[in-house]
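S.K.: Sequence:
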Amino acid sequence: MTKHDLGNDTTTMTAEGDLMVTERVFAAPRELVWEVLTSPEHIPHWYGPHGSTADIVEMDVRPGGRWRLGQNLPGGGSFAFVGEFLEVRRPELLVRTEAPEEAPPGPPAVETVTLEDLGDGRTKVRWEARFPSAEILEFALSTGMTKGALEQLDRLAGLLPGLG
1 MTKHDLGNDT TTMTAEGDLM VTERVFAAPR ELVWEVLTSP EHIPHWYGPH
51 GSTADIVEMD VRPGGRWRLG QNLPGGGSFA FVGEFLEVRR PELLVRTEAP
101 EEAPPGPPAV ETVTLEDLGD GRTKVRWEAR FPSAEILEFA LSTGMTKGAL
151 EQLDRLAGLL PGLG
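In this note's numbering, the protein residues as written are 1 to 164.
There's no promise every hint is true.
Stated by the list, open to error - List time: in silico PhoX-like cross-link candidates among lysine-lysine, alpha-carbon distance up to 25 Å: (1) K124 / K3; (2) K147 / K124; (3) K147 / K3.
Said to hold, decoys possible - Label pairs and their in silico Cβ distance ranges: (4) E101 / S133: 17 to 25 Å; (5) N72 / R122: 26 to 34 Å; (6) G64 / P161: 18 to 26 Å; (7) E151 / M59: 18 to 26 Å; (8) L93 / T10: 28 to 36 Å.
In case anyone wonders, no lab produced these hints; they're calculated from the structure. Don't be surprised by glycine CBs; every beta carbon is placed ideally from N, CA and C.
Make a model of the complete structure from these sequences and hints.
M.R.: Printed below as a string of structure tokens:
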């Protein structure tokens, strides 16, 4: 797989092989960014592309804890994502599995999210998603997921100032 640069002016996003890496700096302290990334109260307000809604069914943020959320797309259509938290170090590291609930049998993607305190009220978030294979990542990219991911991060950035 060739390296793809998929980001925009606010977010760096690259995909190569079975790895997708997304980075963005948010104008909010690390504790707040962590809270918004992991709290069932806040996730529905930023998760998914513009115009979508999310329903948190389960969010047990601890090693071995499960998570499940449903996503409703504008214009109809819905699906769910599920996974398990593998490592949790508040407020700096979150490692979890993620897969569409209706995915065929096989290993899920593993996401590693690191939050770096930049020391000036800003937080750099690095989101690494390691897919089971380069072919599965290519398929995910073909579904338009990068547009949704970029819009999701825009929604997150827009939500943070009102919470600080």
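S.K.: The structure should be examined with respect to each hint, and the outcome stated for every one.
M.R.: So, going through the hints one by one against the coordinates:
no.: 1; hint: K124 / K3; result: 22 Å, holds
no.: 2; hint: K147 / K124; result: 20 Å, holds
no.: 3; hint: K147 / K3; result: 17 Å, holds
no.: 4; hint: E101 / S133: 17 to 25 Å; result: 20 Å, holds
no.: 5; hint: N72 / R122: 26 to 34 Å; result: 32 Å, holds
no.: 6; hint: G64 / P161: 18 to 26 Å; result: 34 Å, violated
no.: 7; hint: E151 / M59: 18 to 26 Å; result: 21 Å, holds
no.: 8; hint: L93 / T10: 28 to 36 Å; result: 23 Å, violated
Hints 6 and 8 from the earlier list are contradicted by this structure; the remaining hints agree with it.
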